[in-house]
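Note that the protein sequences, when read in sequence, are chains A and B.
Heads up: the first sequence runs through residues 7 to 122, numbered per my numbering.
Heads up: the second sequence runs through residues 4 to 116, numbered per my numbering.
These are calculated hints, taken from the structure and not from any lab test.
We treat Cβ as the ideally placed atom computed from N, Cα and C, and that holds for glycine.
Among the hints, erroneous ones may be present.
Here chain A is said to cover these stretches of chain B; the calculated rule only asks that three of the stretch's residues, wherever they fall, bring their Cβ under 8 Å from a Cβ of chain A [stated by the list, open to error]:
id	segment
1	20-31
2	41-50
Label-pair restraints from in silico Cβ distances [unchecked claim]:
id	chain 1	residue 1	chain 2	residue 2	range
3	A	Ala35	B	Ser61	13 to 23 Å
4	B	Glu55	A	Glu23	27 to 37 Å
5	A	Ala85	B	Glu55	41 to 51 Å
6	A	Asp73	B	Glu55	13 to 23 Å
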Amino acid sequence: KQEVTQIPAALSVPEGENLVLNCSFTDSAIYNLQWFRQDPGKGLTSLLLIQSSQREQTSGRLNASLDKSSGRSTLYIAASQPGDSATYLCAVLFQSYGGATNKLIFGTGTLLAVQP
Amino acid sequence: EAGVVQSPRYKIIEKKQPVAFWCNPISGHNTLYWYRQNLGQGPELLIRYENEEAVDDSQLPKDRFSAERLKGVDSTLKIQPAELGDSAVYLCASSSDRGSGYTFGSGTRLTVV
């Protein structure tokens with residue numbers, strides 16, 4: 007069974023620090039991987055989408071990498087700010103999951119708190 | 004461009020009552036998804052539509068949950084009767100193709116008391 011795991015579950019850092027969030031998945035047969043941000047009580051906001059053929063994507067202070075062979079992705083946040091505080095979710099679109107195709111499977115998220 | 008629109012934002016009902024959630028996907032997105040997110044967990048897929056056809060409903064508790072996507076645009080998710088364990092956030096998402104990523108709505112937070 008394919009799984010998506012995120013570590014750490016929670017992270018607290020002082021403002022200005024660079025940080026890395028980790029995501030691992032158990033099957034390399036994926037179409038893409040997407041990082042989302044979720045603020046308390048809100049929906050999901052897409053941050054970065056990495057296709058299976060790509061190694062990384064960048065948007066502003068965010069950089070996401072993908073190593074399909076090892077089943078890992080990292081989200082790097084540079085110069086963190088209190089406004090970055092949220093839950094960050096990794097989601098993998100597996101080619102096949104339990105007999106179904108095109109299934110987006112989420113990790114449980116990393117709760118980030120950036121202290122001013 | 005309007006995003007994925009969901010309503011209501013919040014709903015509080017007593018157990019055994021029915022409840023319905025509505026979703027309007029991004030215009031032109033053929034694929035629509037309903038996810039359920041329990042507190043502290045990642046979202047889990049309930050049902051996926053390709054146009055008006057439900058192509059993956061293996062995770063939908065069919066004894067009490069139903070969904071429809073008439074005309075392949077808007078969708079409604081219904082629970083009847085609701086149970087205490089149904090309290091969660093119900094998220095709708097849409098995509099144009101598997102390479103374009105998913106866009107999520109703001110979700111409906113359901114509390115069953």
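Hint-by-hint comparison with the structure:
Residues of the segment 20-31 of chain B lying with their CB closer than 8 Å to a CB of chain A number 0, which falls below the three-residue condition for coverage. Chain A is given as covering the segment 41-50 of chain B, and this holds because 6 residues of the stretch bring a CB closer than 8 Å to a CB of that chain, at least three being needed. Distance hint check: the CB atoms of A:Ala35 and B:Ser61 are about 19 Å apart, consistent with the given range 13 to 23 Å. Range check, B:Glu55 to A:Glu23: Cβ separation about 49 Å, and the 27 to 37 Å hint is violated.
Checked against the hint of 41 to 51 Å, the pair A:Ala85 and B:Glu55 passes, with Cβ atoms roughly 47 Å apart. Separation of A:Asp73 from B:Glu55 is about 39 Å and departs from the stated range, judged on CB atoms against 13 to 23 Å.
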